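K.L.:
The sequence shown finishes on residue 373 if you use the numbering used here, and the numbering steps up by one all the way, no holes.
Derived from the structure by calculation, the hints contain no laboratory data. This one's a predicted model, so the numbers in the text were calculated from it and none came from an experiment. Treat the hints loosely; a few may be bogus.
Stated by the list, open to error - SDA-like, lysine to any residue: derived pairs with alpha carbons at most 20 Å apart:
1) Lys278 - His249
2) Lys278 - Leu325
3) Lys362 - Leu325
4) Lys362 - Arg324
5) Lys362 - Ile334
6) Lys362 - Gln283
7) Lys362 - Leu320
8) Lys361 - Leu325
9) Lys361 - Leu321
10) Lys278 - Gln351
11) Lys278 - Asp299
12) Lys362 - Ala308
13) Lys278 - Gly250
14) Lys361 - Arg313
15) Lys362 - Ala344
16) Lys362 - Lys278
17) Lys278 - Arg309
18) Lys361 - Thr300
19) Lys278 - Arg324
20) Lys362 - Arg341
21) Lys278 - Thr239
22) Lys278 - Asp268
23) Lys278 - Thr330
24) Lys361 - Lys278
25) Lys278 - Gln296
26) Lys362 - His298
27) Lys361 - His298
28) Lys278 - His297
29) Lys361 - Leu317
30) Lys361 - Val350
31) Lys278 - Thr300
32) Lys278 - Ala260
33) Lys278 - Leu320
34) Lys278 - Met236
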Amino acid sequence: MITTLDLERIAEQHGITITTQNLPAPLCGYYRDDTQTIVLHDKLNDIQYKCTLAHELIHAQHHDTPTANMYHARNEQRTRNLTALLLIRLEDYMTAERIYTGDIARIAAMLDVTVQVARDYITALKKIAQPTNLTAYA
C-alpha cells in the first residue's frame, strides 16, 4: 500500500512543492503546472490528505492546467481513475470486498482511502473489464 510519505517523496523527486492553505469549499486541492506546486486544503484529515495528494500528483504527471471549472471533465475522470488504481491494490480490494460485501464506507476505511476513491476504483475496474469492439478495425 502506498503511503503519504511515499507520495511526498515522489513529489520531491519531481521538484513539486506541496503547500497547505485554507481553500474554499468544496475544493480539497489543486495543482499549478506553472509553479509545479500542489496546494492542499489545510483542514484535510490524514486519509483525505493522502488521497488528494495522489490525485494532484496525477494532474502533475499529465501537466494538467486548471480552468475556470477546475479541470477538463475528461482529464478529471482520468485522474480519478488513475488515483484509485495508484492507491488501491486489487488483492486488498478483494479482501475488503469479501469482508464487507459492498459496504463501501467500510471497504474504504479498510483500504485507507476516501469513499470517493473506493467508488472510483470500482469504476476503473469496470472500465478495464469492458471488452472493446475491435472488429471494425479488422
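K.L.:
For every hint, state whether the structure bears it out.
P.N.:
Verification of the supplied hints:
Annotation: proposed proximity of Lys278 to His249 is violated, straight-line Cα distance about 25 Å (limit 20 Å). At roughly 30 Å between alpha-carbon atoms, Lys278 and Leu325 are farther apart than 20 Å, so this suggested pair is violated. As the CA atoms of Lys362 and Leu325 are separated by approximately 14 Å, the hinted pair is consistent with the 20 Å bound. Restraint check for Lys362 and Arg324: the C-alpha separation of about 16 Å stays at or below 20 Å, so the hint holds.
Of the pairs offered as hints, the one joining Lys362 and Ile334 is violated, with about 24 Å between alpha carbons and a cut-off of 20 Å exceeded. Proximity of Lys362 to Gln283 is assessed by CA-CA distance (about 24 Å); at most 20 Å being required, the pair is judged violated. Using a Cα cut-off of 20 Å, the hinted pair Lys362 and Leu320 holds, with the two alpha carbons roughly 12 Å apart. Between Lys361 and Leu325 the alpha-carbon distance is near 13 Å, which keeps this suggested pair within the 20 Å criterion.
A threshold of 20 Å between alpha carbons decides the hint, and for Lys361 with Leu321 the separation of about 16 Å falls inside it, so the pair holds. With a CA separation close to 18 Å, the supplied pair Lys278 and Gln351 stays within the 20 Å bound. With a CA separation close to 24 Å, the supplied pair Lys278 and Asp299 exceeds the 20 Å bound. The straight-line distance between the Cα atoms of Lys362 and Ala308 is roughly 17 Å, inside the 20 Å bound, and the hint therefore holds.
Annotation: proposed proximity of Lys278 to Gly250 is violated, straight-line Cα distance about 24 Å (limit 20 Å). Annotation: proposed proximity of Lys361 to Arg313 holds, straight-line Cα distance about 14 Å (limit 20 Å). About 23 Å separates the Cα atoms of Lys362 and Ala344, which puts this hinted pair outside 20 Å; it is violated. Annotation: proposed proximity of Lys362 to Lys278 is violated, straight-line Cα distance about 33 Å (limit 20 Å).
At most 20 Å may separate the alpha-carbon atoms for a hinted pair to count; Lys278 and Arg309 exceed this at roughly 28 Å. Between Lys361 and Thr300, the direct Cα distance comes to roughly 28 Å. Violation of the 20 Å bound is thereby established for this hinted pair. Distance check on the hinted pair: Lys278 and Arg324 sit about 27 Å apart at the alpha-carbon level, beyond 20 Å; violated. With a C-alpha separation of about 23 Å, the suggested pairing of Lys362 with Arg341 is violated against the 20 Å cut-off.
The hinted pair formed by Lys278 and Thr239 meets the criterion: a straight-line CA distance of about 16 Å does not exceed 20 Å. Only pairs whose Cα atoms come within 20 Å are accepted, and Lys278 paired with Asp268 is rejected, the gap being roughly 23 Å. About 31 Å separates the Cα atoms of Lys278 and Thr330, which puts this hinted pair outside 20 Å; it is violated. Proposed proximity of Lys361 and Lys278 is contradicted: the alpha carbons are some 32 Å apart, above 20 Å.
The straight-line distance between the Cα atoms of Lys278 and Gln296 is roughly 25 Å, outside the 20 Å bound, and the hint therefore fails. With a C-alpha separation of about 23 Å, the suggested pairing of Lys362 with His298 is violated against the 20 Å cut-off. A hinted pair counts as satisfied when its Cα atoms are at most 20 Å apart, and Lys361 with His298 does not qualify at roughly 26 Å. Only pairs whose Cα atoms come within 20 Å are accepted, and Lys278 paired with His297 is rejected, the gap being roughly 26 Å.
Taking the CA atoms of Lys361 and Leu317, the gap is about 13 Å. The hint holds against a cut of 20 Å. Annotation: proposed proximity of Lys361 to Val350 holds, straight-line Cα distance about 17 Å (limit 20 Å). Under the criterion of a C-alpha separation no larger than 20 Å, the hint pairing Lys278 with Thr300 is inconsistent with the structure, at around 24 Å. In summary, the hint linking Lys278 to Ala260 is supported, as the alpha carbons are separated by about 11 Å, within the 20 Å threshold.
Only pairs whose Cα atoms come within 20 Å are accepted, and Lys278 paired with Leu320 is rejected, the gap being roughly 25 Å. Proximity of Lys278 to Met236 is assessed by CA-CA distance (about 24 Å); at most 20 Å being required, the pair is judged violated.
Checked against the numbered hints above, the structure violates hints 1, 2, 5, 6, 11, 13, 15, 16, 17, 18, 19, 20, 22, 23, 24, 25, 26, 27, 28, 31, 33 and 34; every other hint is satisfied.
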